[in-house]
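From first to last, the protein sequence lines are chains A and B. Remember, our numbering sits 104 above the position in the first sequence when you count from 1. Remember, our numbering sits 104 above the position in the second sequence when you count from 1.
Everything labelled a hint here was simulated from the structure, so no lab data went into it. There's no promise every hint is true.
One copy or two, either will do: identical chains are not told apart, so a pair holds if it fits within one copy or between any two.
List of simulated lysine-lysine pairs, BS3-like, C-alpha gap at most 30 Å [unchecked claim]:
hint	residue 1	residue 2
1	K222	K109
2	K148	K186
3	K108	K223
4	K108	K186
5	K148	K223
6	K148	K222
7	K109	K148
8	K148	K108
9	K223	K109
10	K186	K222
For clarity, every value in this text was computed on a predicted model and none was experimentally measured.
Protein chains: 2
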Amino acid sequence: MDMKKRIAIDMDEVMADTGVRLMDLCNEFCNEEEPLTVTTLRGKRLAEIRPAFAEAIHTHLADTQFFRDLPVIEDSQRVIRKLHRHYDIFIATAAMEVPASFTAKYEWLEEHFPFLAKKNYVFCGDKSIIRADYLIDDNPRQLRSFQGEGLLYDAPHNDIETEFPRMNSWEDVERYFFE
Amino acid sequence: MDMKKRIAIDMDEVMADTGVRLMDLCNEFCNEEEPLTVTTLRGKRLAEIRPAFAEAIHTHLADTQFFRDLPVIEDSQRVIRKLHRHYDIFIATAAMEVPASFTAKYEWLEEHFPFLAKKNYVFCGDKSIIRADYLIDDNPRQLRSFQGEGLLYDAPHNDIETEFPRMNSWEDVERYFFE
Numbered sequence: 105m106d107m108k109k110r111i112a113i114d115m116d117e118v119m120a121d122t123g124v125r126l127m128d129l130c131n132e133f134c135n136e137e138e139p140l141t142v143t144t145l146r147g148k149r150l151a152e153i154r155p156a157f158a159e160a161i162h163t164h165l166a167d168t169q170f171f172r173d174l175p176v177i178e179d180s181q182r183v184i185r186k187l188h189r190h191y192d193i194f195i196a197t198a199a200m201e202v203p204a205s206f207t208a209k210y211e212w213l214e215e216h217f218p219f220l221a222k223k224n225y226v227f228c229g230d231k232s233i234i235r236a237d238y239l240i241d242d243n244p245r246q247l248r249s250f251q252g253e254g255l256l257y258d259a260p261h262n263d264i265e266t267e268f269p270r271m272n273s274w275e276d277v278e279r280y281f282f283e
Numbered sequence: 105m106d107m108k109k110r111i112a113i114d115m116d117e118v119m120a121d122t123g124v125r126l127m128d129l130c131n132e133f134c135n136e137e138e139p140l141t142v143t144t145l146r147g148k149r150l151a152e153i154r155p156a157f158a159e160a161i162h163t164h165l166a167d168t169q170f171f172r173d174l175p176v177i178e179d180s181q182r183v184i185r186k187l188h189r190h191y192d193i194f195i196a197t198a199a200m201e202v203p204a205s206f207t208a209k210y211e212w213l214e215e216h217f218p219f220l221a222k223k224n225y226v227f228c229g230d231k232s233i234i235r236a237d238y239l240i241d242d243n244p245r246q247l248r249s250f251q252g253e254g255l256l257y258d259a260p261h262n263d264i265e266t267e268f269p270r271m272n273s274w275e276d277v278e279r280y281f282f283e
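Just chain A, with the same shape it has in the complex (with noise of 0.2 Å):
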């Protein structure tokens, strides 16, 4: 019996920066004087304050290659490669939602995280059928109905929640699970 316990963390938005591709695909298709940064994008939506962009968000997320390329979050696999030797890690995102992901998303965690074992991998919608101890996520939604301990990784659009213990980092969260 496996004494760890065990962390499950979402890939958009906390390993892959997802956030930042879409903002940079939208300030090239945009065009503005003033384009987007990640400081003006704060506390809003991409989708809402370029609604001109919002349909070409769906079309990039539905291209297969999407996924595969995105940069990795600062930190991340240094924090996750640390964070393995005393926890049993699982990778749990929402791929359901964007089928078109599956094989990109399964080549960018073996690209970049080849230390995770691969049958720690789950493609889910929803995370309440997640078992472990802690969710690290982006979506409030998601960390509801978590059934452990859920930490809110920092994201632009979740700015106002108040609910979880906010990682602004991956240093955050090494020292949320180390100090």
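Position chain B relative to chain A; hints supplied.
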């Protein structure tokens, strides 16, 4: 708060007839005078009694179309539809072992079980991650790592298992939950 109990259901050899399809392919491949039947396969593993076919099994499973055309196991649609009215149904399949299967499995579920929500599909590896009250699975190893109540769906390879209630058919499952 949803108070329905939750049943997780495995796909291969529980909903989709992977076993019979592989046996048919094996019979074609081996072309013996006495082809295998469900009865002669009882208590055995295909790869062990037809070692010449063992490698071909992996080739078939790696074919992106293999899982798309599998026959539906008898009565599974009727009984799962009935369960769906009284329980939260999640589909939990060990798809991470065969990543080529993702899209085919997704489309197969969409076609044959359109009444199930896609957000309740779970593609995983190790089913200890599944938080549910029941798991119906043909694999005793998965039932052992699952933390709810395990029900063993009968298959030739699990003939000697006695640790879990055995479901010989979907009619057995129906009786288990409704009688």
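So, going through the hints one by one against the coordinates:
1. K222 x K109: Both, since 18 Å and 29 Å are each at most 30 Å.
2. K148 x K186: Close neither inside one copy (33 Å) nor across copies (43 Å); limit 30 Å.
3. K108 x K223: both (17 Å within a copy, 28 Å between copies)
4. K108 x K186: The answer is within: 14 Å in one copy meets 30 Å, while 38 Å across copies does not.
5. K148 x K223: between (36 Å within a copy, 25 Å between copies)
6. K148 x K222: between (34 Å within a copy, 28 Å between copies)
7. K109 x K148: Neither way: K109 and K148 sit 35 Å apart in one copy and 37 Å across, limit 30 Å.
8. K148 x K108: For K148 and K108, the Cα distance exceeds 30 Å both inside one copy (38 Å) and across copies (35 Å).
9. K223 x K109: Both ways: K223 and K109 sit 17 Å apart in one copy and 26 Å across, limit 30 Å.
10. K186 x K222: within (18 Å within a copy, 34 Å between copies)
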